[in-house]
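Just so you know, the sequences run in chain order A and B.
Here the first sequence is numbered in numbering that gives the first Met the number 0, starting from 0 and rising by one per residue.
Here the second sequence is numbered in numbering that gives the first Met the number 0, starting from 0 and rising by one per residue.
A few of these clues could be false.
Unchecked claim - Calculated pairs, BS3-like style, for lysine-lysine (alpha carbon to alpha carbon, straight line, at most 25 Å):
1. B:Lys168 with A:Lys45
2. A:Lys192 with A:Lys289
3. B:Lys168 with B:Lys468
4. A:Lys37 with B:Lys558
No lab work stands behind these hints: they were computed from the structure.
What follows is each chain in one-letter form.
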Amino acid sequence: MTGALLAIVSAIFFPGIILRVKSIAGGRKGPGILQPWKNIFLLFRKSSVFSTTTSFVFRLAPAVYFATICCALMLLPFPGIPSVMGFEGDFILFAYLLALGKLLFILGAMDTGSSFEGMGANREALYSMLTEPAFFILFGTLALLSGHLSMQDIFSHFQFAGEFSLITGAIAIYLLVQIAMIENSRMPVDDPKTHLELTMVHEVMILDYSGVDLALIQTGTNLKFVLYGGLIANFFMPVNTYWLSATAAVHSSPFTVQMLAVLVNALIFLVVQAVFSAAIGLMESFRARKKLAKNPQFIVTLSSIALIGFILVLLLTRNLIR
Amino acid sequence: MEQFFIPAAVLGSFLILVVPGQMRYYFTLALILFIILVTSIPAAIQFFSPLLTTEFRPGSEFTVSLTSTNWTFKGYLGELRFTIDRLSSFFILITNFTVLTGILYSRGYLKAYANTKNPAQFALHNFSYIWLHFSMLAVLTLRDGLSFLIAWELMAVSSFMLILFEAEKRAILKTAVNYLVQMHIGFVLLLFAFLITESGTGQMSFDALPAYFSSHSNIGLFVLFFSGFAVKAGFMPFHTWLPEAHPAAPSHVSAVMSGVMIKMGIYGIFRVLTSIQSDWYTIGLVLLIISALTGILGILFSTVQKDLKKILAYSTIENIGIIGLGIGLGCIGMALHNPVIAVLGFTGSLLHVLNHSLFKSLLFYGAGSVYRATHTRNIEELGGLVHSLPRTAGLFLFGTVAICALPPLNGFISEFLLYAGFIKGLSSGNEYLSILFLLIILTLTLIGGMAIFSFSRAYGISFLGSPRKEIHVQPETITRDMILPQLLVAFIILGIGLMPMAAIAPIASLVANTFHPGPIPSNLFFTDVLNKLSLFGLLLISLVTVILLLRSRLLKNRKPEYGPTWGCGYTEGTARQQYTGASFSGNLSELAQPVLQNHEEFRPIATEDIFPKKRSLHLQTTDIFSKGLGMLTDLSWLVLKKLARLQTGNIRHYILYAFIFILLIFALLYLKLI
Numbered sequence: 000m001t002g003a004l005l006a007i008v009s010a011i012f013f014p015g016i017i018l019r020v021k022s023i024a025g026g027r028k029g030p031g032i033l034q035p036w037k038n039i040f041l042l043f044r045k046s047s048v049f050s051t052t053t054s055f056v057f058r059l060a061p062a063v064y065f066a067t068i069c070c071a072l073m074l075l076p077f078p079g080i081p082s083v084m085g086f087e088g089d090f091i092l093f094a095y096l097l098a099l100g101k102l103l104f105i106l107g108a109m110d111t112g113s114s115f116e117g118m119g120a121n122r123e124a125l126y127s128m129l130t131e132p133a134f135f136i137l138f139g140t141l142a143l144l145s146g147h148l149s150m151q152d153i154f155s156h157f158q159f160a161g162e163f164s165l166i167t168g169a170i171a172i173y174l175l176v177q178i179a180m181i182e183n184s185r186m187p188v189d190d191p192k193t194h195l196e197l198t199m200v201h202e203v204m205i206l207d208y209s210g211v212d213l214a215l216i217q218t219g220t221n222l223k224f225v226l227y228g229g230l231i232a233n234f235f236m237p238v239n240t241y242w243l244s245a246t247a248a249v250h251s252s253p254f255t256v257q258m259l260a261v262l263v264n265a266l267i268f269l270v271v272q273a274v275f276s277a278a279i280g281l282m283e284s285f286r287a288r289k290k291l292a293k294n295p296q297f298i299v300t301l302s303s304i305a306l307i308g309f310i311l312v313l314l315l316t317r318n319l320i321r
Numbered sequence: 000m001e002q003f004f005i006p007a008a009v010l011g012s013f014l015i016l017v018v019p020g021q022m023r024y025y026f027t028l029a030l031i032l033f034i035i036l037v038t039s040i041p042a043a044i045q046f047f048s049p050l051l052t053t054e055f056r057p058g059s060e061f062t063v064s065l066t067s068t069n070w071t072f073k074g075y076l077g078e079l080r081f082t083i084d085r086l087s088s089f090f091i092l093i094t095n096f097t098v099l100t101g102i103l104y105s106r107g108y109l110k111a112y113a114n115t116k117n118p119a120q121f122a123l124h125n126f127s128y129i130w131l132h133f134s135m136l137a138v139l140t141l142r143d144g145l146s147f148l149i150a151w152e153l154m155a156v157s158s159f160m161l162i163l164f165e166a167e168k169r170a171i172l173k174t175a176v177n178y179l180v181q182m183h184i185g186f187v188l189l190l191f192a193f194l195i196t197e198s199g200t201g202q203m204s205f206d207a208l209p210a211y212f213s214s215h216s217n218i219g220l221f222v223l224f225f226s227g228f229a230v231k232a233g234f235m236p237f238h239t240w241l242p243e244a245h246p247a248a249p250s251h252v253s254a255v256m257s258g259v260m261i262k263m264g265i266y267g268i269f270r271v272l273t274s275i276q277s278d279w280y281t282i283g284l285v286l287l288i289i290s291a292l293t294g295i296l297g298i299l300f301s302t303v304q305k306d307l308k309k310i311l312a313y314s315t316i317e318n319i320g321i322i323g324l325g326i327g328l329g330c331i332g333m334a335l336h337n338p339v340i341a342v343l344g345f346t347g348s349l350l351h352v353l354n355h356s357l358f359k360s361l362l363f364y365g366a367g368s369v370y371r372a373t374h375t376r377n378i379e380e381l382g383g384l385v386h387s388l389p390r391t392a393g394l395f396l397f398g399t400v401a402i403c404a405l406p407p408l409n410g411f412i413s414e415f416l417l418y419a420g421f422i423k424g425l426s427s428g429n430e431y432l433s434i435l436f437l438l439i440i441l442t443l444t445l446i447g448g449m450a451i452f453s454f455s456r457a458y459g460i461s462f463l464g465s466p467r468k469e470i471h472v473q474p475e476t477i478t479r480d481m482i483l484p485q486l487l488v489a490f491i492i493l494g495i496g497l498m499p500m501a502a503i504a505p506i507a508s509l510v511a512n513t514f515h516p517g518p519i520p521s522n523l524f525f526t527d528v529l530n531k532l533s534l535f536g537l538l539l540i541s542l543v544t545v546i547l548l549l550r551s552r553l554l555k556n557r558k559p560e561y562g563p564t565w566g567c568g569y570t571e572g573t574a575r576q577q578y579t580g581a582s583f584s585g586n587l588s589e590l591a592q593p594v595l596q597n598h599e600e601f602r603p604i605a606t607e608d609i610f611p612k613k614r615s616l617h618l619q620t621t622d623i624f625s626k627g628l629g630m631l632t633d634l635s636w637l638v639l640k641k642l643a644r645l646q647t648g649n650i651r652h653y654i655l656y657a658f659i660f661i662l663l664i665f666a667l668l669y670l671k672l673i
């Protein structure tokens with residue numbers, strides 16, 4: 000739950016930082032950090048325009064999309080504080096919750112009967128299908144390395160998994176950043192600024208949404224970003240349960256130590272989120288998107304890298320070649 | 000008592016043929032209810048009792064000595080012995096439920112044929128339906144090889160009759176005959192398997208298998224049994240009958256066939272596995288590899304179909320693959336003496352059998368309603384059905400979420416168990432097993448992703464958007480008695496999704512007692528994990544409800560505007576410009592071209608076409624296995640034609656053949672070759 004709260008806090012400045020960094024890199028002054036949220040609140044106050052083709056699916060989709068992301072947020076681990084909601088194999092639920100949101104989102108787009116939105120829906124379905132294996136292989140690797148199945152335990156034990164945690168961590172962070180970019184329809188596969196519907200993925204799917212529904216979707220998308228950012232932040236948190244129990248034995252007042260440790264972790268969490276958003280802003284400013292036809296290739300590469308990472312871990316930890 | 004049940008039921012089934020008009024349906028329903036009552040009570044006692052008795056304690060050694068229910072029926076020719084043990088009780092309960100919803104659904108579904116079909120055809124249909132039910136129950140309870148094979152054959156014949164309901168269509172006739180032929184290939188394989196058992200032990204029965212397996216190699220006979228059962232279950236490459244037969248049959252029959260009849264193959268595999276003594280590892284590997292292929296190719300083929308029921312049929316193959324993956328995982332768990340993996344694998348697999356029977360029958364009923372109301376199953380002609388058939392659309396959406404294995408419904412629970420098993424298995428075997436398991440996890444995720452792809456396509460194209468073709472939709476044909484059984488199924492799907500313990504506890508105890516995988520850990524039912532899953536299910540549902548309530552509160556005083564879909568500045572869009580099924584599957588089928596072998600006929604507009612003429616796009620996907628099978632039959636046809644030269648019609652030649660044959664025998668005997 001701590002992870003979820005911190006993620007929500009970081010969601011406040013996350014989209015703003017991206018925008019600001021992009022505008023500065025583009026030589027503009029740019030809007031304030033809170034401008035994206037101001038836009039969303041404006042949308043919440045507006046009334047809606049509905050296409051006559053749409054049905055209950057179209058109205059249900061944003062609610063489900065938002066709800067699944069909220070549920071997934073609850074699973075966000077935070078080393079140092081015992082997890083309330085996590086359990087063995089929670090990353091499976093994590094991935095499948097997001098998949099449910101995606102399914103409804105895809106159907107909501109198809110409900111409009113627009114060919115552009117059908118195109119976007121199709122791409123979203125294909126890309127998420129290709130991305131999912133990378134996520135599962137990554138977490139399978141981490142589970143193998145740490146010997147635990149819940150995200151909380153995986154990250155708590157990560158730094159103690161031997162000297163290989165550094166290289167695995169590097170691969171994992173790279174993969175998570177790329178997965179986050181694909182899942183949130185950002186630069187290498189999709190461009191949120193694009194003006195041509197033919198080449199859009201995420202933006203074209205929300206063409207017909209307006210008012211409260213659009214606000215729900217945008218809130219959900221912002222939260223989804225910090226969700227992945229939070230996962231990445233977990234790799235950088237030095238304070239975990241092991242460290243805590245060790246220090247608690249030495250110090251006379253374990254509670255103060257724990258409070259301090261949690262504060263350090265929280266600070267790191269927020270800093271990583273900020274750096275992540277700034278990095279996205281920079282990446283989007285200096286990098287061109289891929290050709291649409293090349294996207295599947297790029298995404299499948301991620302799974303291959305994840306597989307290489309897995310075999311690497313096997314090699315290092317189990318002496319596959321003797 | 001039981002001496003009376005079987006003759007009464009058989010006699011009743013023949014009475015269907017003479018019961019007149021309106022009464023016939025109710026008579027059939029009453030008979031099915033009678034059978035269900037008679038068989039479900041002992042089955043339910045078998046299945047649930049270990050949970051009620053004091054012997055049951057999670058964490059204890061947990062062997063429940065439970066005698067199976069035996070009914071011996073003495074006829075003139077000998078005696079038939081029906082045995083209900085815990086494995087068969089589970090399958091009996093599933094079978095009974097789907098057969099019940101099927102007959103309830105058929106009332107509304109078959110009404111449309113009242114004018115075109117004569118009463119005799121209806122009578123024959125109901126008669127075959129009852130016999131399909133009988134034979135499935137017999138398959139599940141008979142242990143003796145010969146009577147089992149007879150029941151197996153009865154099952155094939157009665158389902159053949161059911162597929163033939165619209166036999167006036169030539170394609171259906173051909174499909175049905177193809178089905179019958181393929182079923183007999185499976186039958187022959189099973190017959191051989193039983194004969195080998197008999198030659199080894201002197202007894203032709205499932206009960207003789209432990210004796211056989213303890214003195215012979217296990218893998219050979221298992222593979223033979225597996226191939227026989229795989230034809231029924233639809234494992235690749237034995238699946239080619241399935242995508243043809245399911246669309247051909249009336250929808251309630253497809254539901255029963257896909258939901259439970261093919262599961263008889265799974266039952267058979269489980270039945271044989273209960274006797275396996277060694278070779279668990281090899282068996283597990285074989286099952287894992289075949290199932291992984293079945294799963295991934297099944298769902299891949301489903302993404303390019305345009306017949307709604309064919310999409311469902313291929314997804315059935317995919318689900319059989321998932322079930323098989325669970326069985327394979329269980330076998331590996333047995334080989335590693337790792338009870339957690341074994342229980343996770345077998346339990347996940349059996350739970351998926353139950354789950355699949357539920358959501359697949361729901362989806363087939365939905366597809367049947369679509370066919371009833373629109374007279375087409377081609378998704379390229381459909382669209383916008385959500386407005387004309389809102390109830391069917393809602394239920395189909397529900398089924399879609401369930402079959403994509405998404406929370407909070409039942410499909411997710413069984414896949415979760417399998418994922419958990421495979422991930423736990425990553426660190427429990429050797430390194431090569433870890434790599435294999437990782438590849439299986441990769442396969443499972445790909446299957447999940449493609450299922451979402453395939454079903455969002457099927458649902459989005461046929462139910463959403465606007466109609467792609469002028470179709471006269473008749474929503475009035477979807478009567479309440481077609482919706483009711485679907486609601487019943489949906490209710491159970493949600494129940495398993497939110498209270499997984501209720502289904503997993505008896506299944507896991509069944510697995511533990513049937514396979515004895517070793518000392519069971521105290522947390523056999525993964526109680527804490529399952530509680531969290533149901534917590535999240537409830538959380539998700541309540542969150543969605545709250546958001547929808549808040550949304551409607553926010554929008555209460557705002558008047559929404561309505562208009563056409565945003566056409567990106569183009570205002571004259573027509574329904575034909577919508578994304579179609581073919582365009583939706585386009586990019587995936589391009590990626591999978593080596594497997595799918597798409598054939599496309601299209602000439603793009605060239606620069607010299609000043610006045611472009613009407614163009615058409617023709618897309619064709621062939622199942623490579625059907626193609627292979629076709630090549631095989633062509634080849635044998637060629638060989639047989641050559642051999643036909645021997646058949647001269649001249650009696651002297653035939654005498655010569657006999658003479659040569661005798662000479663050959665003598666020669667071989669002399670050389671001590673035979």
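We went through each hint and held it up to the structure:
1. B:Lys168 with A:Lys45: Violated - the C-alpha atoms of Lys45 of chain A and Lys168 of chain B are around 56 Å apart, more than 25 Å.
2. A:Lys192 with A:Lys289: Judged against 25 Å, a Cα distance of about 14 Å means the pair holds.
3. B:Lys168 with B:Lys468: At roughly 24 Å apart (the allowed maximum being 25 Å), Lys468 of chain B and Lys168 of chain B satisfy the hint.
4. A:Lys37 with B:Lys558: holds (23 Å)
Violation of the numbered hints given earlier is confined to hint 1; every other hint is satisfied by the structure.
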